[in-house]
Amino acid sequence: TNIAALVILMTSVICEQSINSSTLEDLDAEEHVPLTAGCVVGHPRGEDGQEYCRRLTKEEVKIRDNLANNILVITIADEKTDGLARFIRSGDIYKYKVKVLGEGLGELSNRKQLDLLREELNAYKDDKDKLVLYTTSQSAVLSAGPSRLVEEFQRFETNVLISADGFCWPDRTLEPEYPKVERGKRYLNSEGLFGRASILQELLASDPDAKSLQVLLTAAFIKETSRKQYGIKVDHMSHVFQNLNGATGDVELRFAGREAYIQNTLYNTVPIIINGNAHTNTVLNTFSSYLAQSWNPEGCKACWENMKSLEKVDDKDLPSVTIGVFIEKETPFFEEFLMKIEGLKYPASKIDLFIHNTVEYHAELVNGWIESIKDDYASVKQIPLEDNVKEWHARNSAIDYCLEKSCDYLLVVDSEAHLNNPFVLKLLIEQNRDLVAPMLSRPYKAWSNFWGAITSDGFYARSMDYMDIVQNTRRGLWNVPYINSCYLMAKSVFENKKTRPSYINKLQEPDMAFAENLREKGVFMYVSNRVDFGHLVNAETFDTTHLHPELWEISSNRWDWEQRYLHVNYTHALNENSTLEMPCPDVYWFPIFTERFAEELIEVMENHGSWSAGSNEDARLEGGYESVPTIDIHMKQVGYEEQWLEILHLYIQPLQLRAYEGYNNEVGPPRAIMNFVVRYKPEEQPFLRPHHDTSTYTINVALNRPGIDFEGGGCRFVRYDCSVTNTRVGWTLMHPGRLTHLHEGLITTAGTRYIVVSFIDP
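Residue numbers (UniProt numbering): 1 to 762.
Hints are supplied without guarantee of correctness; some may be wrong.
As the list claims (entries may be wrong) - PhoX-like mimics (lysine-lysine), calculated; alpha carbons at most 25 Å apart, straight line:
#1 K498 with K405
#2 K112 with K80
#3 K80 with K97
These are calculated hints, taken from the structure and not from any lab test.
Kindly generate the complete structure, drawing on both the sequences and the hints.
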């Protein structure tokens with residue numbers, strides 16, 4: 001037969017060493033003689049550790065291609081699902097002919113599936129050239145083409161090849177009847193089957209009363225007579241089929257040039273059909289983000305597939321979207337969050353807002369925001385705080401509201417999710433996936449709005465690619481087991497009763513319940529980091545007992561803190577080519593803080609209210625004596641010492657290194673014992689006599705405006721008879737503290753002047 005001939009031809013020559021992809025290109029170019037399809041892997045394969053890689057004659061190519069062209073892939077599915085679509089895509093990528101049985105027939109029992117397969121194979125009982133690959137589609141991916149499948153199959157010199165399994169099922173009592181194997185998985189798994197169609201037809205017809213394909217194949221295989229009669233072998237070492245159940249630790253994702261593949265490191269094989277099950281589908285989903293040419297280091301091919309463009313769509317024709325805004329905890333930088341929702345580049349007339357707020361602290365801001373924007377949007381619905389609606393119920397209600405408004409999409413946004421990219425909504429719609437989240441992470445942290453893997457009990461586990469995705473060293477579209485905080489859901493998901501998500505599952509948190517329910521329903525959850533979409537804020541330690549509590553968020557939410565409080569021109573002075581402003585000799589002037597920082601810090605101090613008496617006796621100091629007293633409040637008194645020292649380290653020290661070249665305290669962050677806000681008033685303390693500071697250098701930050709908030713004031717450096725009176729809000733003067741820079745505080749003649757002073761490295 002053709003098969004027997006190919007076996008003889010293909011075993012004639014073996015390459016003795018592994019060949020990498022660049023070498024393969026050179027070999028293939030030489031005399032334009034084709035190599036075996038298995039050569040594209042470029043790694044040793046098989047139990048003997050050798051690469052089965054060689055040149056083919058024209059006759060061999062003809063035989064192989066004839067067999068490859070006669071492969072029919074059969075799968076069974078009662079309805080269209082994400083898993084089926086993925087399987088069909090992988091077949092299309094490698095140009096397989098795929099036939100789906102059972103669509104529209106409702107739920108299919110094991111017996112019904114067997115009958116469907118029998119019926120289909122009856123059409124090929126006399127076709128000696130037809131090869132049939134049967135596999136489940138909901139949890140399978142094809143990762144190589146027909147030519148390589150033929151080559152691998154011929155190595156077995158058999159008619160029927162069945163996937164292997166490490167477990168004997170459904171009847172464990174049959175374990176002793178299986179033939180023993182020296183190496184590999186001993187038992188069979190009917191979810192992967194390949195062979196000559198005529199033989200398969202005969203095999204499946206041999207037991208018309210079998211309850212399932214697994215039972216039928218098991219009975220035929222454990223009997224030596226039928227095993228030999230039909231030529232049945234099991235793929236014990238995963239040359240063709242990789243069953244992931246019980247074997248996830250045996251496999252690795254690897255790349256050969258631009259092609260991703262699965263390497264079975266236990267048997268050193270490269271399987272072609274990758275099968276998961278209920279226990280391993282999340283692992284398969286991770287692999288599927290790469291396999292079948294979905295992604296490689298040069299780019300994401302799958303990302304561009306099935307996209308829709310909104311570029312030329314008129315605003316009135318854009319999809320309608322319900323945005324569900326959920327405020328379930330006290331959240332820092334919430335004001336900016338609302339501004340970004342309002343700033344989305346999408347017609348407000350096409351958006352219905354659904355808002356659930358359970359936080360009293362945010363109620364005033366939420367109500368004011370709704371009042372200001374309610375006339376711009378198609379509709380606005382708020383669940384009042386006093387209704388005390390639970391989070392899970394509110395989230396389910398958002399889906400109901402979306403359906404009520406005949407929406408096309410539901411965008412869920414939690415208060416921790418900052419959508420910095422105003423085009424995020426359009427970009428997610430254009431991605432055209434039923435459920436997709438923009439990848440958001442806490443700046444400088446590994447915490448994100450997705451999990452790459454989960455444990456057996458449904459909690460977080462780190463996938464092999466999680467850090468690459470979070471750090472954006474791999475950009476693409478990723479199939480993941482858990483998303484939260486922000487995601488776009490197409491109407492097709494929640495209008496279908498079989499796939500409609502729910503935020504209730506036992507006693508789980510709503511986000512956990514949502515993800516688990518979707519996993520059980522077979523709905524794929526994607527996360528995209530193709531572009532930068534935004535970030536997450538950290539609300540875990542947000543302490544609203546402070547006035548203006550965001551001032552305290554410099555460590556927990558540094559990025560957001562900088563956006564609100566760091567002067568927009570701060571980094572200019574750090575440019576080595578910039579010219580530093582020096583209003584007096586060795587006195588430098590830098591922008592540090594925004595006007596908002598200055599205003600809020602003043603309000604914090606006045607709210608505290610415990611200003612010192614301005615006398616030499618000061619119980620706050622270690623010795624109880626202040627030689628040059630001011631009316632002030634120390635940072636320690638308002639609980640801001642730790643944050644202020646962090647400011648000195650992050651923002652003041654880099655400027656000092658730029659201004660006073662060669663000075664470095666060599667012990668790490670700046671040391672500062674005295675950090676305080678000074679208040680000057682004509683009727684209280686209008687000036688400060690000439691003095692030196694107990695510091696290596698001092699910073700003096702202006703917090704309010706001369707000529708508006710106060711008259712007079714400023715700082716005079718006596719030795720140089722040089723004064724700085726036109727101070728700028730949020731700007732700091734930096735000057736040496738001892739010896740050279742005797743200075744005084746000039747008289748404030750009206751109003752109130754505020755400054756921040758730190759004596760650094762005393």
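Comparing the hints with the structure gives:
1. A hinted pair counts as satisfied when its Cα atoms are at most 25 Å apart, and K498 with K405 qualifies at roughly 21 Å.
2. Pair hint K112 plus K80 holds up; C-alpha atoms about 18 Å apart against a cutoff of 25 Å.
3. Between K80 and K97, the direct Cα distance comes to roughly 18 Å. Compliance with the 25 Å bound is thereby established for this hinted pair.
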